[in-house]
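Q: Chain by chain, the residues run as shown.
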Amino acid sequence: MEFKNNTISLEQLPQIESVAFQKLNKEYLWMRITFMVSLYLILLSSALIYNYFTEKFDWWLLPALLSFFLLWLLTVEIVGFKIKGYALRERDISYKSGWVFFSMTSVPFNRIQHSEVTQGPFERMFDLAKVKVYTAGGSGSDISIVGLNEVEANQLKEHINTLSSKHA
Amino acid sequence: MPDFDLSQPQRQSVVGVGVIFFQKVRKAFNLILSILVLQFGVKADLTSFWFGGAIGLVFIGLLVVAILTYRNFYFYALGDAFIIEKGVFSREKVNVPFERIQTVNINQNIIQRILGVVGLKIDTAGSSGQELEIAALPKSVARHIQSFLMEHKEAVLDEGTENTKESSPSKGERRALMELNLMDLVKIGLTENHLKTAGILFAIINGYFWQFQDYFAEYTEEIFNDKAGWLSYWTMMLPLIIIATFIGIALFSVVQSILRFYDLRFYCDQEGVKLESGLLKRAEYQIPENKIQLIKWSTNPLRKLVGYKTVVVKQASSVQLNDKLSVMIPACREEQLERILSNFFPEKKQSEFQDYPAQTWFQFQLILIFAIIPALFFCFLGYFESPFYLVALIWFGLASILSYQYAKSMTLKSNQEVIQLHRGWMFPQCIYLNYYKLQNIQFKQNVFQKRRSLAHLVLHTAAGSHKMWQMDEKQAMEIYNYALYKIESAEKSWM
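In the order they appear, the protein sequences are chains A and B. Each position in the first sequence, counted from 1, maps to that position plus 633 in our numbering. Each position in the second sequence, counted from 1, maps to that position plus 707 in our numbering.
Everything labelled a hint here was simulated from the structure, so no lab data went into it. Careful, some of the hints might be misleading.
So the derived label-pair ranges between C-beta atoms look like this [said to hold, decoys possible]:
| hint | chain 1 | residue 1 | chain 2 | residue 2 | range |
| --- | --- | --- | --- | --- | --- |
| 1 | A | GLU749 | B | GLU840 | 31 to 41 angstroms |
| 2 | B | TYR783 | A | GLN648 | 51 to 61 angstroms |
| 3 | B | GLN1112 | A | LEU646 | 30 to 40 angstroms |
| 4 | B | LEU1100 | A | GLN648 | 45 to 55 angstroms |
| 5 | B | ASP1062 | A | PHE734 | 24 to 34 angstroms |
| 6 | A | TYR767 | B | ILE948 | 49 to 59 angstroms |
| 7 | B | PHE1071 | A | TRP705 | 26 to 36 angstroms |
| 8 | A | SER772 | B | THR1067 | 31 to 41 angstroms |
| 9 | B | TRP1068 | A | LYS715 | 21 to 31 angstroms |
Straight-line Cα separation of at most 20 angstroms, SDA-like style, residue types lysine to any residue; simulated pairs [unchecked claim]:
| hint | chain 1 | residue 1 | chain 2 | residue 2 |
| --- | --- | --- | --- | --- |
| 10 | B | LYS1151 | A | SER651 |
| 11 | B | LYS1157 | A | GLY718 |
| 12 | B | LYS1174 | A | PHE735 |
| 13 | B | LYS1151 | A | GLY718 |
| 14 | A | LYS765 | A | HIS747 |
| 15 | B | LYS828 | B | PHE729 |
| 16 | A | LYS729 | A | SER798 |
| 17 | B | LYS1181 | A | SER736 |
| 18 | A | LYS689 | A | SER678 |
| 19 | A | LYS799 | B | TYR1192 |
We treat Cβ as the ideally placed atom computed from N, Cα and C, and that holds for glycine.
All chains, please: the whole structure from these sequences, using the hints.
A: Now the structure itself:
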């Protein structure tokens, strides 16, 4: 067999920038908004009741603060949702997220230890699930792909498992 | 040791009773001491008949437990696993499959030294607390078991895959790459980071003080009551105490370094690294070549002065920063470091290194955070107490120099196979690793960085994560893509 060891120029390498990332399900955004708004309503009502009895602050102060906070979180969530996404290539899986703090991680299949599907109570209500991918690189390096519907998540996990045992 | 048969259940050396007994005594001593101090304070009458009797009973009890522990302790190999049976009151059988064994280390503490035996420790891939220990074995038997376990582990791992394992290099005596003499040890002790030791010491003393403050109260009250005398006394004594503390710490460091690194021998070849050291307690660490994840050197201004660097060889560990799993050489000369590096990174010389420095913005950022903002705060204080203006000025000067130099020193270098990440000016450190040892790679960018086309890059390895700050965005992406290519096309396994 002829042995080749050509120099590789960086431009020839596959570029992660040019990969189209798969967007998350819209339900995920609705789930987050529902979660935040319900938390907001709980906090708002308890703040109003608290202030009604103690009269420590002006009546509008706590609601205004809470509303401002909610507005900011919603903005971050909605803008951030457009950024979140995952990409499957032949040999690795990538996940990106974050508007204020953007982060993108790629995990090659030959470095995956195992993967799992998990579902929280809110996610169950919206028929969503997330796939967690673990490597030996410590907790900071594991990725968890959110906003998949349950069937998709299981398919993705199976796919990752097949490829990671193939490339191991 | 040909007549040693691991297929039959074996007991350890008879003197193991002694070793186990002293282990138990040490544990019991710690326990009893803390109970005594908590119960009776320092006023307990240690000479009373009852106290002596109780201690005697405890000793006899421990001796019985030690003998039973010894009698019930068996080890042998069965099928694909190493088995240990133990337990005094309830029998326990621990089954370790060969493939799960990570490392087998031989240790010797002072009791084992006196009795002429060694201890054998088996680390498994499981969680902590899973390590197994055989307390007392003749050295030749321990060596025999060690090589037996490592060979079987390899054999199990190779099964199913290819059987083209090269004949292992000559099993003759390995020659030490470096040894440290007494003078080196003194230098190591003197050039420790004394500020850090002082900090730790202070924390410990402080902790003990608060824990037992009731007992100190009687004495301190007398001193505190005489306020004026107390104050002048301390202003005179304080500089002396600080000097004495540092001399004490330096001496302590020297003693510690002699105890820990006495007769240190470091071996380094195709098989991996091995390190033996210690005066009273002889410890041995080894890491097979394929388990090595990265090599790191670091130094401090004092150590730089005597021309030494500290080198750490790290292996994969589930617990981050677990120093037990890495091999540390406290003092290494430049040419020795070069030999270690070229042994494990022959690729280092094969192609040119390219620099990927942190961008100039990083210098400004650090100066802003560590020099300008604190200096402004001191100026604000200076408005009330004018000496603070001087503090602000000095702080600004020192902190800007340190921040600037730190930011400038932050560099990632890469050739076709090896990444090198350097950072730090007063306390420089540098890591080396092969691309294929990476687990995955992360690109980070906040909104402010995006405007300036900057990004952080995090290299995740099985021996910890390392971050390169404020790179040029394009260069970070270049390394990102190249690292993925190298990991995915790697033929060698990362461990």
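Q: Next, verify each hint and record whether it holds.
A: Now for the hints, and whether the structure bears them out:
In this structure, GLU749/A and GLU840/B meet the distance hint of 31 to 41 angstroms, their C-beta atoms being roughly 34 angstroms apart. The hinted window of 51 to 61 angstroms between TYR783/B and GLN648/A holds, with their beta carbons roughly 56 angstroms apart. A beta carbon spacing of about 34 angstroms between GLN1112/B and LEU646/A agrees with the range 30 to 40 angstroms that was offered as a hint. About 50 angstroms separates the C-beta atoms of LEU1100/B and GLN648/A, a value consistent with the hinted range of 45 to 55 angstroms.
The hinted range of 24 to 34 angstroms is satisfied by ASP1062/B and PHE734/A, whose Cβ atoms lie roughly 27 angstroms apart. Taking 49 to 59 angstroms as the suggested C-beta distance range, the pair TYR767/A and ILE948/B conforms, at roughly 52 angstroms. About 28 angstroms separates the C-beta atoms of PHE1071/B and TRP705/A, a value consistent with the hinted range of 26 to 36 angstroms. Between SER772/A and THR1067/B the beta carbons are some 33 angstroms apart, a value that agrees with the proposed interval 31 to 41 angstroms.
Checking the proposed 21 to 31 angstroms range against TRP1068/B and LYS715/A shows it holds: the Cβ atoms sit about 27 angstroms from each other. Simply put, LYS1151/B and SER651/A have alpha-carbon atoms about 17 angstroms apart, close enough for the 20 angstroms limit, and the pair holds. Simply put, LYS1157/B and GLY718/A have alpha-carbon atoms about 19 angstroms apart, close enough for the 20 angstroms limit, and the pair holds. Distance hint between LYS1174/B and PHE735/A is fulfilled; the C-alpha atoms sit about 15 angstroms from each other, no more than 20 angstroms.
Of the pairs offered as hints, the one joining LYS1151/B and GLY718/A holds, with about 15 angstroms between alpha carbons and a cut-off of 20 angstroms not exceeded. In summary, the hint linking LYS765/A to HIS747/A is supported, as the alpha carbons are separated by about 9 angstroms, within the 20 angstroms threshold. Restraint check for LYS828/B and PHE729/B: satisfied, since their Cα atoms lie roughly 18 angstroms apart, inside the 20 angstroms limit. As the CA atoms of LYS729/A and SER798/A are separated by approximately 24 angstroms, the hinted pair breaks the 20 angstroms bound.
Proposed proximity of LYS1181/B and SER736/A is supported: the alpha carbons are some 15 angstroms apart, at most 20 angstroms. This hinted pair checks out: LYS689/A and SER678/A have alpha carbons roughly 16 angstroms apart, not beyond 20 angstroms. Distance hint between LYS799/A and TYR1192/B is fulfilled; the C-alpha atoms sit about 17 angstroms from each other, no more than 20 angstroms.
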